[in-house]
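Participant: Sequence:
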Amino acid sequence: MMKRIITVLIVLNFCIPVNLPGQNLSVKSPSEDVLVEFFLNDKGQPGYKVYFKEKLIIDESYFGFDFRDAKPLKNNFSISRYGENSFSETWETILGEQRYVDNNYNELKIELIEGTVLQRRMEIVFKVYDDGLGFRFKFPEQENLNDVVILDENTEFNLTGDHITWWIPGDWDIYEHLYNTTTISAIDAISKRDHPSLAQTYIPYNAVNTPVTMKTENDIYLSFHEANLTNYSGMTLKVDTENYILTSELVGSVDDSKVKISTPFVTPWRTIQIAENAGDLIESNLIVNLNEPNKLKNTNWIKPMKYVGIWWEMHIGKSTWDMDSGRHGATTENAKYYIDFAASNSIDAVLVEGWNTGWERWFGFDDREGIFDFVTPYQDYDLFEVANYASKNDIEIIMHHETSSAPRTYEQQLDTAFTLCRELGINAVKTGYVQEIIPKGEYHHGQWMVNHYRKVLETAAEYKIMVNAHEPIKGTGIRRTYPNMIAREGLRGQEFNAWSEGGNPPEHLTIVPFTRMLAGPIDFTPGIFDIKLSDFKPDNQINTTLTHQLALYVVIYSPMQMAADLPENYIGQQAFQFIRDVGLNWEESRVLDGEIGDFVIIARKERATDNWFIGAVTDEHSRPISINLDFLNNDLSYTAKTYVDAEDAHWDNNPTVFDIYDKIVNKNDVINFQLKEGGGAAISIISNK
Numbered sequence: 001m002m003k004r005i006i007t008v009l010i011v012l013n014f015c016i017p018v019n020l021p022g023q024n025l026s027v028k029s030p031s032e033d034v035l036v037e038f039f040l041n042d043k044g045q046p047g048y049k050v051y052f053k054e055k056l057i058i059d060e061s062y063f064g065f066d067f068r069d070a071k072p073l074k075n076n077f078s079i080s081r082y083g084e085n086s087f088s089e090t091w092e093t094i095l096g097e098q099r100y101v102d103n104n105y106n107e108l109k110i111e112l113i114e115g116t117v118l119q120r121r122m123e124i125v126f127k128v129y130d131d132g133l134g135f136r137f138k139f140p141e142q143e144n145l146n147d148v149v150i151l152d153e154n155t156e157f158n159l160t161g162d163h164i165t166w167w168i169p170g171d172w173d174i175y176e177h178l179y180n181t182t183t184i185s186a187i188d189a190i191s192k193r194d195h196p197s198l199a200q201t202y203i204p205y206n207a208v209n210t211p212v213t214m215k216t217e218n219d220i221y222l223s224f225h226e227a228n229l230t231n232y233s234g235m236t237l238k239v240d241t242e243n244y245i246l247t248s249e250l251v252g253s254v255d256d257s258k259v260k261i262s263t264p265f266v267t268p269w270r271t272i273q274i275a276e277n278a279g280d281l282i283e284s285n286l287i288v289n290l291n292e293p294n295k296l297k298n299t300n301w302i303k304p305m306k307y308v309g310i311w312w313e314m315h316i317g318k319s320t321w322d323m324d325s326g327r328h329g330a331t332t333e334n335a336k337y338y339i340d341f342a343a344s345n346s347i348d349a350v351l352v353e354g355w356n357t358g359w360e361r362w363f364g365f366d367d368r369e370g371i372f373d374f375v376t377p378y379q380d381y382d383l384f385e386v387a388n389y390a391s392k393n394d395i396e397i398i399m400h401h402e403t404s405s406a407p408r409t410y411e412q413q414l415d416t417a418f419t420l421c422r423e424l425g426i427n428a429v430k431t432g433y434v435q436e437i438i439p440k441g442e443y444h445h446g447q448w449m450v451n452h453y454r455k456v457l458e459t460a461a462e463y464k465i466m467v468n469a470h471e472p473i474k475g476t477g478i479r480r481t482y483p484n485m486i487a488r489e490g491l492r493g494q495e496f497n498a499w500s501e502g503g504n505p506p507e508h509l510t511i512v513p514f515t516r517m518l519a520g521p522i523d524f525t526p527g528i529f530d531i532k533l534s535d536f537k538p539d540n541q542i543n544t545t546l547t548h549q550l551a552l553y554v555v556i557y558s559p560m561q562m563a564a565d566l567p568e569n570y571i572g573q574q575a576f577q578f579i580r581d582v583g584l585n586w587e588e589s590r591v592l593d594g595e596i597g598d599f600v601i602i603a604r605k606e607r608a609t610d611n612w613f614i615g616a617v618t619d620e621h622s623r624p625i626s627i628n629l630d631f632l633n634n635d636l637s638y639t640a641k642t643y644v645d646a647e648d649a650h651w652d653n654n655p656t657v658f659d660i661y662d663k664i665v666n667k668n669d670v671i672n673f674q675l676k677e678g679g680g681a682a683i684s685i686i687s688n689k
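The sequence shown begins at 1 in our numbering and counts up one residue at a time.
Hints may contain errors.
As the list claims (entries may be wrong) - Here are the simulated SDA-like cross-link-like pairs (lysine to any residue), alpha carbons at most 25 Å apart as the crow flies: (1) K49 x I245; (2) K532 x D648; (3) K43 x Q119; (4) K28 x S284; (5) K55 x N24; (6) K55 x E84.
Everything labelled a hint here was simulated from the structure, so no lab data went into it. None of the values given here were measured: they were computed from a predicted structure.
Construct the complete structure from the given sequences, taking the supplied hints into account.
Facilitator: So this is what it looks like as structure tokens:
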């Protein structure tokens, strides 16, 4: 096994200027392609500009904070000290898109002091990488800025044009919107307020959520996000459609505050990923690099999982979560059926939803406190019998904790719930937060809930439990610090195909890799083979071909992947072999080609083997694909098994027909095929050594 490699180079240079108003400071990335200039204008307001290969990509943009019961922190600054720092390391992931991550940057720290009687102090830190930059604000402990209530953080991103943008509205409660493709000037988040398929939504401004991705007229790709969101509100970006300026708009709270905090504190990193090719955004490690190293001493219990579960059958109406309907899905007998299927098909785990009492009153009620207790099963579900049966078959059980967005109830029972998990030998939990948050006036993406999600994650780590969060706060790279944050939803997932009018269009999953996936692993729940849902939902369908569903196991990264369809739809199906074979944890990942909203092709090499897996998906248009296999090992031959759309395949007219080809290949070969409308291809390339 390769040993972890770490090399560190640090060069520090601190200067203490006497008077620097108006002076520019700058820092370049290691390759010198990215340049950041910091300045103070004639009013003493701090600002910055960003260049990429000598082209201006962020024009003069400014910072400032508004507080409750205190004057804004905006003007009259001078630089009291600044320093430069270079850093280089290679660190090893526990689970990830690649095993080793290079973390190389140049840093500029600027300490500012306010030229008023208050003399308040603030530090701005820039870390500049070859693939972009991050900056954040540090507030030291100080007499005239102690207990702080932030009303607004006015961080600007002044764009240089009316860029093509892939965006979802700046919803304070949910990320489950379809992506829109418009120019900056055409962004209209307010028009997305009326959405009958969402259980909770609040869009107060014409703002977008992050990651938000753009393409300039010079074909430079930009994506704006944040990293290390800790004890702070999530950031949306308010849009000035006339001047093309994005300004941070933090998610608020019941009393109109955005953040309540005491000095000393730091904000999350505000991030800009920069690339000449769309695929380079996916390959970027900027977000995880801006997080702290792993804090967990023992991580041998953190592992990737393929799973099936009692879940999709509720969404298509075959069964229900509650017992009153007479069609309860989470029965002992049904759970054993799924366990038997998993054990026979190289599946690691079974998710069981609807196992605990309370589902009769979980949705549509204002008073949801105490409905779920996370330990009491329905009378037709023998919790211990199922756990024992799973253990005998070497299958894990994934516990489900739907909170119905009553997080105070969940927090009161965390220790009890996680103790039960350990007693049952369960080390993975899927959490859920459907509906508006109780107490009223708090939002899923505000500071109060950011801290709740972190408390759940940290408590789970104490009990050696992995977390797969649904209706979550956005991913901001915390998975590096707490690798038990194995996956999260945070997008418009597969279930919308089962019960939303129109479902997800074919282009949806050609946008997601370049937007939402930049935030981290996605529990999308792919693998639906019964595309037309004719037995249960004849008016709904999956708007892709079957091979598109296979390709998602590679295209959409997650170390926790579900074979989401009913087991009976996999039995006797040749295409299911790809789901059995595909890896989950990767030595390296490469984006071979792609354009946002059109298509994407991704290849990933499995850890501990020489096996590669490739996924390719397209939008509603057919297109020819050519894959050069020059990334394969020089000395090996491989067997490539290609699952690809048949000649007459079409996402709507004929979605389930496909062809399978076997071929001996090496690094000198090229694989050619045609993706049909809404189609895809999945390729397993298995070493013959």
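Participant: Hints first: check each against the structure and report whether it holds.
Facilitator: Hint check:
| no. | hint | verdict |
| --- | --- | --- |
| 1 | K49 x I245 | 13 Å, holds |
| 2 | K532 x D648 | 17 Å, holds |
| 3 | K43 x Q119 | 16 Å, holds |
| 4 | K28 x S284 | 18 Å, holds |
| 5 | K55 x N24 | 18 Å, holds |
| 6 | K55 x E84 | 23 Å, holds |
In the structure shown, no violation is registered for any of the earlier numbered hints.
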